[in-house]
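Asker: Sequence:
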Amino acid sequence: MEITTFLLVSLTFLVAYMWFRRHDPKLPPCPVIPMPVFGHLLYMDKNPRAQFKQWRKKCGNIYSLYLGQNLVVVLNGFDLVKEALVKNADITSDRPYIFFDAASGKSGLGIVYSSGAVWKEHRAVTVNIFRALGIGTNILVEKVTEVVEANNEDLARLHGEATDLDNILTTSVANIICSIIIGHRFNHDDNELLAACKNFRDNVFEADAKNLANYFTFWKYLPGDLFGAKRIKARAQDLMTNFVEPFIKRKGYDEFNEDNLDNYIARYVHEMRRKLKNGEQTTMNEENLKKIVCDLFGAGMETTTTILKWAILYFLHYPDIQEKVYQEIEREVGTERKPNMFDKNQLSYLNAFLLEIQRISSIVPLNVPHLCTDDLTIGGYTLPKGTQILASLDSILFDKKVWGINPYSFKPERFLDEKGKLKCPDEFVPFSMGKRACAGEGIAKVEMFLFLSMMVQRFKFLPADSSSLPSLTALFGITAVPAPYKVRAVERKLLE
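Numbered by mature numbering (1 follows the signal peptide of the UniProt record, and there is no 0), the letters in the sequence shown go through residues -16 to -1, 1 to 480 in order.
No wet-lab data here; the hints were simulated from the structure.
All residues carry an ideal CB built from backbone N, CA and C; glycine is no exception.
Check before you lean on any hint, since a few could be wrong.
Claimed, not checked - Below 20 angstroms or equal to it, Euclidean Cα-Cα: the simulated EDC-like pairs (lysine to aspartate or glutamate) are:
1) Lys395 <-> Glu312
2) Lys322 <-> Glu312
3) Lys328 <-> Glu397
4) Lys419 <-> Asp359
5) Lys10 <-> Asp359
6) Lys407 <-> Asp327
7) Lys444 <-> Glu307
8) Lys182 <-> Asp192
9) Lys444 <-> Asp150
10) Lys407 <-> Glu397
11) Lys204 <-> Asp192
12) Lys384 <-> Asp63
13) Lys477 <-> Glu312
14) Lys66 <-> Asp78
15) Lys182 <-> Asp148
Stated by the list, open to error - Here are the in silico distance ranges between beta carbons for each label pair:
16) Tyr302 <-> Asp410: 23 to 31 angstroms
17) Asp8 <-> Lys407: 40 to 48 angstroms
18) Lys403 <-> Pro20: 54 to 62 angstroms
19) Ser451 <-> Glu126: 41 to 49 angstroms
20) Pro9 <-> Arg115: 45 to 53 angstroms
Take the sequences, apply the hints, and build the full model.
Answerer: Quick look at the structure:
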């Protein structure tokens, strides 16, 4: 027994010694001493926004973390992030292993989590397919308008009853990306769509950067479900098996028609076959297609839905701002027709409101990790090849030098000049920057504008309980989301 204890203690000290000696003083400082094996993982808080802000205050704009065995350097401030992700994009555009990606199949495929040749080809293919499908033209506007009209009918059927709008908004936004990916729309209460949305969103909340499954792959050999990894993997596999794969089979093969390429899947299969037939070198295959469908479905749903939920929540807290948005719509558009994208330039206050919502909610406080494929000199330090980079978008979106003395206050006027015209500084980067910036930014902007303008034109959003407003405090997973809340969507014609 004594020998066993001695060996265990000796092994512990040996591991600790090897761990502590590994941090090179030439690297950015650590906010706290890393623990053996786990590094800084066990220090990670449920609220990364407050924690990373505190670590920045202690260490400055660049500091090191050890997440498991991985050296991760956190960058703060617009200049450092731009230097890394834009000026040095050639060596910072790859992705490390991310469990959220690996849970649904082989990692490093698709468009969000891929690297190198796979990412370059699939980003180009996706841009071309979007262009061919009319994304960026009035075709997208028509798709979004149809969905918002259906969304508003669903809201009207609630008759002003206090309701959590999560399912209605989520399925409405998901229907837009589904119409693009598979050429099909669902009813908002469709069980197949609801299950797919729930599986993805539950994983977004649970599989964040502090989940140990990102750094220790031995979880799969352990009994039970220590990190929740098996639960996350089961959800991801269910989404893939019962939603993604059947639609790929249906749209890419069973119903494939070269004369009717009206969805992403069909156009991808068409281009893949063309390249293979011509003997072109390509990374296009069915496994990448599966991952891309997951990527587009998830990212296309999560971003806009979360922004809309924050927008409505802020309407409840700032009814005067909601009224200003409505008055502008009433003045510039009227109530006899629906707003469209031609009205966008006339609705400066609504646009400012949308920009401020994206800024203050900062739904991706920490960017998706990047991987250095070569040594990178930045901020007076040299980061070795293999270093992961975490860009703090919070540090940019809440920078006092850009947004004024109180960047945590809600103020749409930040985005208006003295003449009431829209202005937007370079530091507005909710979709990140550089080559790996969100590919769906253009779609999201159309969605956010049409959803908000059409909903506010028809409805006034009121709190479920006027004596107690829902909290503005975020819940953190991969994204920062509002806590569940209920709201009354009352048709304005009933208030007259």
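Asker: Hint by hint, note whether the structure agrees.
Answerer: Right, here's what the structure says about each hint:
1. Lys395 <-> Glu312: Satisfied, since the Cα-Cα distance of roughly 17 angstroms is no more than 20 angstroms.
2. Lys322 <-> Glu312: Roughly 14 angstroms between the alpha carbons, so the hint for Lys322 and Glu312 holds.
3. Lys328 <-> Glu397: 17 angstroms, holds
4. Lys419 <-> Asp359: 19 angstroms, holds
5. Lys10 <-> Asp359: 13 angstroms, holds
6. Lys407 <-> Asp327: 17 angstroms, holds
7. Lys444 <-> Glu307: 9 angstroms, holds
8. Lys182 <-> Asp192: 16 angstroms, holds
9. Lys444 <-> Asp150: 17 angstroms, holds
10. Lys407 <-> Glu397: The given pair, whose Cα atoms are some 10 angstroms apart, holds under the 20 angstroms limit.
11. Lys204 <-> Asp192: Holds, at roughly 18 angstroms.
12. Lys384 <-> Asp63: 14 angstroms, holds
13. Lys477 <-> Glu312: 17 angstroms, holds
14. Lys66 <-> Asp78: 16 angstroms, holds
15. Lys182 <-> Asp148: Given pair Lys182, Asp148 holds - Cα atoms ~15 angstroms apart, limit 20 angstroms.
16. Tyr302 <-> Asp410: 23 to 31 angstroms: Given a distance of about 27 angstroms, which is inside 23 to 31 angstroms, the answer is holds.
17. Asp8 <-> Lys407: 40 to 48 angstroms: With Cβ atoms ~43 angstroms apart, the hint holds.
18. Lys403 <-> Pro20: 54 to 62 angstroms: Given a distance of about 60 angstroms, which is inside 54 to 62 angstroms, the answer is holds.
19. Ser451 <-> Glu126: 41 to 49 angstroms: Given a distance of about 42 angstroms, which is inside 41 to 49 angstroms, the answer is holds.
20. Pro9 <-> Arg115: 45 to 53 angstroms: Given range 45 to 53 angstroms: holds, Cβ gap about 50 angstroms.
In summary, this structure violates none of the numbered hints.
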